[in-house]
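*Asks:* Please work from the sequences and hints to get the whole structure.
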Amino acid sequence: MVNLKNQDLFHHLHTNMRYIKTLLFLVLLFAGLISKAQNDFITLGESVFGVNHDISDTYSINFTARSRYFLYRDATIQYKQQQVDIFHFSTLKLNYNHALSFGVFYRNRDVFESGKNEIRFTQQFNYKTQKLGVRYGHRFRTEQRIIDTRTIFRQRYRFAIDFPLNGQKLDIGEAYFVGALESLLSLSKTSTPAIDQRVTFQIGWQLTEDLKLQTGLEYRLEAYNIKANHSLFVLTSAILKI
Amino acid sequence: MTFKLLTSVLFLCCYSFGVSQTKNEQEERVKVNEFPKVAQEYFNKLPNQLKLLRFYRESDGDKLSFEAKFKYKKQHYSVEFDANGILEDVEVLIKKKDIPKVSFETILKYFNTYFDHVRFIKIQKQYINASHTNDLQFINFVLDDSINKNTHFEIIADIKSNGKHLLKEFTFKSNGEFEKSRPVSSSSYEYALY
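First to last, the sequence lines map onto chains A and B. When the letters of the first sequence are read in order and numbered with the numbering used here, they come out as residues 450 to 691. When the letters of the second sequence are read in order and numbered with the numbering used here, they come out as residues 213 to 406.
Hints are computed from structural coordinates only; laboratory data are not their basis. There may be inaccurate statements among the hints.
To be verified - List of simulated lysine-lysine pairs, DSS-like, C-alpha gap at most 25 Å:
#1 B:K308 - A:K542
#2 B:K286 - A:K580
#3 A:K542 - B:K376
#4 B:K257 - A:K618
#5 B:K243 - A:K577
#6 A:K470 - B:K243
#7 A:K542 - B:K334
*Replies:* The structure is reproduced here in structure tokens:
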């Protein structure tokens, strides 16, 4: 019986090999971007633990804790906590592929002496379609970021695709890929509008019916219309459904 | 430390594969030589212009089935076989507007009678071999010209009744007459959303 399980495991590992190769290629691609960006370039790590719960057929809630830390800054490898975020999202499912969400968000940078705290309100509209095992998601967000007495109004649009890495249906124990492109526009009274761009690649595993793990990379190009900042995020997350 | 983390991740993986095995429900892509022998040969004899030809194995409890998916003349086909390689059906992905008007009206009448609201998620023309031709001949017969030969329409729809949303698969005869329906687990349709 144990033997059989192992065979199954190796079978999965084998079929996932070529996707690992693809991932390796993407990592190298990012490495290329890093070497080009040079000095002002920073790398951060972000670890997420999220809990989802369905209250009813149409209403679900999410609580997430997120930690962010510097891994590479000022041309040196380091580990220094930047912030901790806690947020909540309430999602109202309009029908099978449309959903509205409202979120409240708290960020603490004060304890780590890395900047100012933030309170944020988010309104979100999500639309997804699915064709031949690939899912396409369109997410629109408006955010009010309150930092001290300043309020930044940020508009975001994210296009994401995800698909299982084996077959067209995600079974328990299988891996999936998530890729996303997001554009952000920040508006505030005191500063010029800033445009950001983010690119994300992640691999996830549906470990059990209720638990999935995700890991990947996100490249951020911030305020590229003014003076661009580049950063790379190493993402890890665990999402639990209860 | 790293080693510890690695072993625990590995352990978690093994555990999850164990779970997937006890649940015994799995769909995965397979190589052509893992496909039933009889059906394998069909794909050597079919027109050469089959694009994106892929093979899948699906197990659900005791039931094992196989599926070949491909694109032919700009249409997406799915050909399903049982564990012995006997043809179950051929399906072609279509849009709402591809359903003949008369049949579509009958289908709509059914939905309007039994549900408050309906949203089509996936529509397929289904071809079941009811004639005396063999499986290969039948597949060729469908591929030759798939218009108006379908025996059924298969529709996955998000329906609303008594204020509740439900995902269901409906089968209608080609004239639009309702035949059967079954609930579809939406989990297979919802995965990486975060």
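*Asks:* All hints, please: hold or fail.
*Replies:* Tested hints:
no.	hint	result
1	B:K308 - A:K542	24 Å, holds
2	B:K286 - A:K580	15 Å, holds
3	A:K542 - B:K376	11 Å, holds
4	B:K257 - A:K618	29 Å, violated
5	B:K243 - A:K577	31 Å, violated
6	A:K470 - B:K243	19 Å, holds
7	A:K542 - B:K334	19 Å, holds
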